[in-house]
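S.K.: Sequence:
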Amino acid sequence: VAKVAEAREVYRPEAAQARRRNPLLHPYCPESLCGKRPYYFQEVAIREVIKRMVRGQRRILLTMATGTGKTFVAFQVAWKLIKSGWLNRLHPERPGRVLFLADRIVLRNQAYNTFSPFADGAQDPRHLIEGHPPNLNRDLYFGIYQTLWSEDEAGRRLFEKFPPDFFDLVIVDECHRSGFGTWREILDHFSGAVHLGMTATPKQDENTDTYAYFCSEEPEVHIDPERPERGTWRPPAYQYSLGQGIEDGFLATYKVHRVRTTVDATGLHLREAIEQGAEVFIPEDVEPREVYRTPQFEREITLPDRTREMVRHLAGLLRRFGPMEKTMVFCVDMEHARLVARLLQDEFSDLGYDNYAVPIISEEGEEARRWLEDFADSEKKTPVVATTAELLSTGVDVPACRNIVFMKTLSSPVLFKQIVGRGSRVDRITGKYWFRIIDYTGATRLFDRWDRPPGPPPQPPSGPWTAILEGVVVRLGTGDPIAGASASVRVAPNDQRGPIRTDEKGQFHFPGLPGGTLTLIVNAPGFRRREVKVNTTPDRTIFLMVELRPESKAQEKIRVEGLEVTIADEMVFLVEATGEHLTLQQYRDYTRRKVVETAPDRRTLRSIWINPERRRAFLEDLRRASIYPEVLAEVLGAPEADTYDLLSHLAFGAPIRTRSERATAFRNREQSFINRYRQEARRVILELLEKYRVAGVEEISDPRVFGVSPFREWGGAYRISSWFGGLEALGRAVSEMQERLYEEVDG
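Residue numbers (this note's numbering): 420 to 1166.
Check each hint, because a few of them may be wrong.
[Stated by the list, open to error] Dumping the calculated SDA-like pairs for lysine to any residue here, alpha-carbon to alpha-carbon at most 20 Å: (1) 976 <-> 531; (2) 799 <-> 786; (3) 502 <-> 440; (4) 1110 <-> 1077; (5) 1110 <-> 1126; (6) 455 <-> 579; (7) 952 <-> 910; (8) 1013 <-> 976; (9) 1013 <-> 1053; (10) 502 <-> 490.
Note that these hints are calculated values from the structure, not bench results.
Using the sequences and the hints, build the whole thing.
M.R.: Right, here's the structure in full:
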């Protein structure tokens, strides 16, 4: 009794309430509301963010690979902060307010939907920021930079209409993409809020500003503890890489096809093309090059014959892999994306779908939004192929996507990683645990630069801050001054002066700058943004004239038709859980070693295989090592083979047999087993044999098979079991059938 009383004292209600007021201890959003529970790495990310907020940190960065659920992490952070009451502790008269900032409408809308558990039916605290004037009566806001940056008739930007202390937490999605100046001004306006940046991109030279800003309050650590001379850096609050995700089984591994056409291998010499009978159309005011190479194709010169050959080759791969596997094709521009979609639609017209391949090149319009929603839905068959220029490169969630295709060149490891991330999500609905990268432009050369360690941080400027930078912003060609242009000076990562507006004469003035190399950033509505490197000297004034080019239609491209283009070479390799690239022969050897570790001979492999529980555990171990039956079937060119035979062939040199061959052999060899049963039971065994022939042994070892046709029409497992003498007898018959399917491999 005393112990019971003591226990009740420990778990008194007020103590439980105190725990719920602590955001670290407050429960996650229940699975019944949000549909899932956080994985272990998501729990760590949530805890690290909240821990920093509780101790007063204002700038926080999460670096998590594409597909690991950054938006879900942000939602759970907001849930715990708001539901515990911690976020509004400084202003108990109103709820805590959150701004979720993205750079694409589709990403904004995905976040809005992820935060739907906050809507309790009676009221919905969420609000999509669409334009002027702002709605100030909600608690959870979702917007894109472009909207918040837009001006009203008086020239006032939308974000400036929110009071500076309006938000308590600002979440910046894909923060490496957004343009330092744009989100920096918005964050400066809401400087009292906690700023949480989220990115899938490890630190690179391209996004130094992002890391410098969001990690500025993190402790400095050595880049390489064993080599202190390499310097220090401030790491994110939490990092979870693509390699970790693959190794943990949360992200899919990948197989790479590198393909080159003849014109990509040799380049295009216009003079030679003309001599060989090609037609060349050169627009006025275009000065042609002597030689064009892959980076210029479809940017400066369009080659329909090259595109047709790529599409023909891709169509052949898709027919081999499965023509209904969802595929993203990344093209050079909108025109290129439309052409590729049209050609692929023609290639697969026999399937009878009018939207088999579609160009998703804009978020505008009902048709484009519907295509994107249907393409992202794992349960929707079509569209099967989406071609795009940039729209699908980040954030868009398409778990069922099995093929990522590059028909555009890339130079940025950041963008490359984002695009590859489109295929990295595991999709249990469609059974997708790996995906393919089909590369026609050499983009996969950027693999090696993915996860390189960060370099030493740039040194901040030193010396007296007495330099002056002034100048005038004018229109290129006419020299007319541009009033109201935005000018800012990047002094160092995480240190920016401005922006300020040019006066009616187009002039700007920045006093009190350090000596050194600075970056002047200038933009104006209707003109292209420009960055200019400036060398300043203490106690001196530098004057610049900055010419802005008006935004205009892209220059017409040279067009070449009548080229003979074929595939020059093709290479295939795979990437296993550690991130190592393997040729097909290396993958075969790797698979053999992994199989033999568990099954040193064929007899052991068979004993594992005929036991459903041991077989499933064995296959799961292989999947964790990035060995998949579908990949093996593709590598060995045997899509109809039994997985057991694929493994037996690779490990022990046994011949590969198809499921159909095994089923036929069973029927011929096991007549005594089949005839042991009455007629109705024999019919069940033969129907199970056909199920095996189509889908493999897992199909018949799963008791749920008796819930599908024709077993469902025959009365299901209960009635069927009576033909065998009961449920246990039915189970024994199915188990013996599995053993006999693999009988001949003994010895």
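S.K.: Quickly compare the C-alpha distance for residue 976 and residue 531 to 20 Å and report which way the hint goes.
M.R.: violated, 41 Å
S.K.: Mind checking the alpha carbons of residue 799 and residue 786 for me, to see if they're no more than 20 Å apart?
M.R.: The given pair, whose Cα atoms are some 16 Å apart, holds under the 20 Å limit.
S.K.: Within 20 Å, alpha carbon to alpha carbon, are residue 455 and residue 579?
M.R.: violated, 37 Å
S.K.: Taking 20 Å as the top limit, are the C-alpha atoms of residue 1013 and residue 1053 close enough?
M.R.: holds, 18 Å
S.K.: Is the Cα-Cα distance between residue 1110 and residue 1077 20 Å or less?
M.R.: Given pair residue 1110, residue 1077 holds - Cα atoms ~14 Å apart, limit 20 Å.
S.K.: Within a Cα-Cα threshold of 20 Å, do residue 502 and residue 490 meet the stated pairing?
M.R.: holds, 18 Å
S.K.: Does residue 440 lie within 20 Å of residue 502 when you go C-alpha to C-alpha?
M.R.: Between residue 502 and residue 440 the Cα gap is close to 8 Å, so the pair holds against 20 Å.
S.K.: Against the 20 Å threshold, does the CA-CA distance of residue 1110 and residue 1126 hold or violate the hint?
M.R.: Holds. Residue 1110 to residue 1126 sits at ~13 Å (cutoff 20 Å).
S.K.: Run the distance test for residue 1013 versus residue 976: straight-line Cα separation, threshold 20 Å.
M.R.: violated, 52 Å
S.K.: Taking only the CA atoms, is the gap from residue 952 to residue 910 under or equal to 20 Å?
M.R.: holds, 11 Å
The structure does not agree with the numbered hints 1, 6 and 8 stated previously, though it agrees with the rest.
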